[in-house]
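Visitor: Make the full structure from the sequences, and use the hints.
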Amino acid sequence: MLISNTWSWWAAGFGIGLTALGLAWFKGRRLGVTGGFEDACSLLPEKSSSFTPSPSHWKLWFILGLPLGGFLANLSHPSWSWLYGRLDALVFGNFILKALWLLVGGFLIGFGARWAGGCTSGNSIMGISLGSKMSILATLAFLAAGIIVTNILFKVF
Amino acid sequence: MALKKIINRFKSSRNESKWPYVLFGVLFGYFLSKSRATDYDTIVDMFLCKEFQLYGVIGMAILVTSLGLFLMKRSRKPTFSGKPFDGDPLKWEPKRLVGAFLFGAGWALAGTCPGTSLTQLGEGKLIAIFTVIGILAGVWAYKRFMPGTSSKDQVC
Numbered sequence: 001m002l003i004s005n006t007w008s009w010w011a012a013g014f015g016i017g018l019t020a021l022g023l024a025w026f027k028g029r030r031l032g033v034t035g036g037f038e039d040a041c042s043l044l045p046e047k048s049s050s051f052t053p054s055p056s057h058w059k060l061w062f063i064l065g066l067p068l069g070g071f072l073a074n075l076s077h078p079s080w081s082w083l084y085g086r087l088d089a090l091v092f093g094n095f096i097l098k099a100l101w102l103l104v105g106g107f108l109i110g111f112g113a114r115w116a117g118g119c120t121s122g123n124s125i126m127g128i129s130l131g132s133k134m135s136i137l138a139t140l141a142f143l144a145a146g147i148i149v150t151n152i153l154f155k156v157f
Numbered sequence: 158m159a160l161k162k163i164i165n166r167f168k169s170s171r172n173e174s175k176w177p178y179v180l181f182g183v184l185f186g187y188f189l190s191k192s193r194a195t196d197y198d199t200i201v202d203m204f205l206c207k208e209f210q211l212y213g214v215i216g217m218a219i220l221v222t223s224l225g226l227f228l229m230k231r232s233r234k235p236t237f238s239g240k241p242f243d244g245d246p247l248k249w250e251p252k253r254l255v256g257a258f259l260f261g262a263g264w265a266l267a268g269t270c271p272g273t274s275l276t277q278l279g280e281g282k283l284i285a286i287f288t289v290i291g292i293l294a295g296v297w298a299y300k301r302f303m304p305g306t307s308s309k310d311q312v313c
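Listed in order, the protein sequences are those of chains A and G.
Just so we're aligned, residue 1 is where the first sequence starts under this note's numbering, counting upward by one.
Just so we're aligned, residue 158 is where the second sequence starts under this note's numbering, counting upward by one.
There is no bait here: all hints are sound.
Just a few of them, taken from the derived set where beta-carbon distance is under 8 Å, the chain G residues facing chain A:
| id | residue |
| --- | --- |
| 1 | D196 |
| 2 | L205 |
| 3 | T276 |
| 4 | K300 |
Straight-line C-alpha distance at most 30 Å; calculated DSBU-like pairs for lysine-lysine:
| id | chain 1 | residue 1 | chain 2 | residue 2 |
| --- | --- | --- | --- | --- |
| 5 | A | K155 | G | K207 |
| 6 | G | K248 | A | K27 |
| 7 | G | K230 | G | K175 |
| 8 | G | K175 | A | K27 |
| 9 | G | K207 | A | K98 |
| 10 | G | K248 | G | K234 |
| 11 | G | K207 | A | K133 |
| 12 | G | K175 | G | K234 |
| 13 | A | K133 | G | K234 |
| 14 | A | K47 | G | K175 |
| 15 | G | K230 | G | K248 |
| 16 | G | K234 | A | K27 |
| 17 | G | K240 | A | K133 |
| 18 | A | K47 | G | K161 |
| 19 | G | K230 | A | K133 |
Don't read these hints as lab results, they were simulated from the structure.
Backbone N, C-alpha and C fix where the C-beta goes; we use that ideal spot for every residue, glycine too.
Guide: Printed below as a string of structure tokens:
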């Protein structure tokens, strides 16, 4: 059970909540991922970096743990592949198109998350738990845009 | 040369153990993977409102976190070290919703958010490397072309 299956919504959600609480209780930090990407940007060898890294780069260290967590969760049925679910059909199985698609999607994610003040973990989990009206509305906007775009992709085409 | 510069920048602010953070990252990635938030088809079905798994996951995470934060606030020792927890909510600014819409569109296109893109890499979904590069470029471009917002205006 611990390493083979995916979990029910309540078990996985409980784990995510405990992780956010652990980070808050033990380290006094707020859960968030996009800040780690900004830390990574602060390491770029630019002449004058406008990025201010988090204390001790803790956000970068935090997100460096994510791939290992994903690896451990799939230990019992590891699979390494370039396939990506229903997106493969959407891009006619074309690898380059798929790569470009994800680059554009990723760019919107990064740019939008900074603008919105946080991503799904920062705004939707931590922000809402802190009772922030901004985070609640940002999350509703995330979902609204996601629902619109996905319905266009899979219902119209 | 460039690599040395990167390493030096990384070293310059090392005064706290990084391992607890890595451990929390591993836990977060583990639970994200178990929740199926890293699966493109599950994200699509969430946005098509065909499956409610991820709405439940997010809802449960919020329930547990907000309850815990509430107890922390009420407790005499708010954190392990006794240092108060910075729980200031994000300042209300309507134009942030534009960014939130862009984020939502990207979430739907790539079928992943920042946390799950990195988790996907560890799961063996190698194509996620392009999402990760895209996110880095987006974060970088925001700072470059939309200056004026400091990192203090961020939840994370």
